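Asks: Chain by chain, the residues run as shown.
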Amino acid sequence: MHPALLWTVAGCGLALAATGLTLSLLARTADRLLLAATGVTEAATLVQSAAAGIALAGGHPLHSTATFVGYLIGIAVVLPVALVWAWADRTRWSGAVVAVGGLTVAVMTARLAMMWDGRA
Amino acid sequence: MTAHPPPGTDGAPAGPASPAPTATGPGRLLVALYGLFALAATSRAGVQLGTRLHEAPLAYLLSAFSGVVYVVATVALARRGSGARRVAWAAVSVELAGVLVVGTLSVLLPGDFPRATVWSGYGVGYGCVPLLLPFAGLWWLRRTGRY
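If you're matching them up, the sequences are chains A and B in order. Per the numbering used here, residue 1299 is the first one in the first sequence, and the count goes up by one each step. Per the numbering used here, residue 106 is the first one in the second sequence, and the count goes up by one each step.
Excised from the complex, chain A in its bound form:
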């Protein structure tokens, strides 16, 4: 997995978390800004999962391939689920819900990087 891609996804996740939390703190209802930030992060996540899947198919040794593949699928699903859950009840808390998703994407990306390098 390319470090630039990992950093991009982790950075997007953290930026999304910061955006969501800021909206919540300002008592702003979830809006298009949050929607756009979520879309960008999800796109980066999908590229990462696809790239890692292709690299894995090309033959890369891992401690637990099942866990790694589970992470690749899980990380792609987190944000859509978070967004649907946040959007169904649009209050100032919607931003915080999406922020949890963004933070999860960043943490899962770090775990993916560790697994890829054989550190976990």
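Hints are supplied without guarantee of correctness; some may be wrong.
Claimed, not checked - One-sided excerpt, in silico: chain B residues whose CB lies under 7 Å from chain A:
#1 Arg-133
#2 Ala-137
#3 Leu-237
Calculated from the structure, these hints are not laboratory results. As the structure is a prediction and not an experimental result, all values here were calculated from the model. Think of the CB as a built atom: it goes at the ideal place given N, C-alpha and C, for glycine as much as any other residue.
Chain B: place on chain A using the hints.
Replies: Relative to chain A, chain B alone:
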């Protein structure tokens, strides 16, 4: 996930006799966190039970138990009604007992006791969120149930 109150009634009581729904306003965030831990704990336990059950059966069964508790708490908090509220109270109470007991044992008996559960070391591997979550859950159930 079915009928939601219109915007602006964030956490407002539905009536003098019925408790407020638990999955709206800040409860939305709480359910999201519970859902995240339900996913993390059950998938972790799934891998552990599927690949190395013989290594530490107690630890891995505890892992699976914590996963079940989080799933039940998530569903119960996301639903409306007095039945769901009772289940949520029970699940969050078991969760609090679990994180305190497993956390304490894992600190006192690091050699004998499993390190590989969500609750080990009071959930320090997950930013101690597993320790804070049941307190937030009990507080929220109490607050929404007051009406």
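Asks: State for each hint whether it applies.
Replies: How the hints compare with the structure:
Because the smallest distance between the Cβ of B:Arg-133 and any Cβ of chain A comes to about 5 Å, under 7 Å, the interface hint for this residue holds. For B:Ala-137, the interface hint holds, the least distance from its beta-carbon to any beta-carbon of chain A being 5 Å, beneath 7 Å. A cut of 7 Å between beta carbons decides the hint on B:Leu-237: the least distance to chain A is about 13 Å, and the hint is violated.
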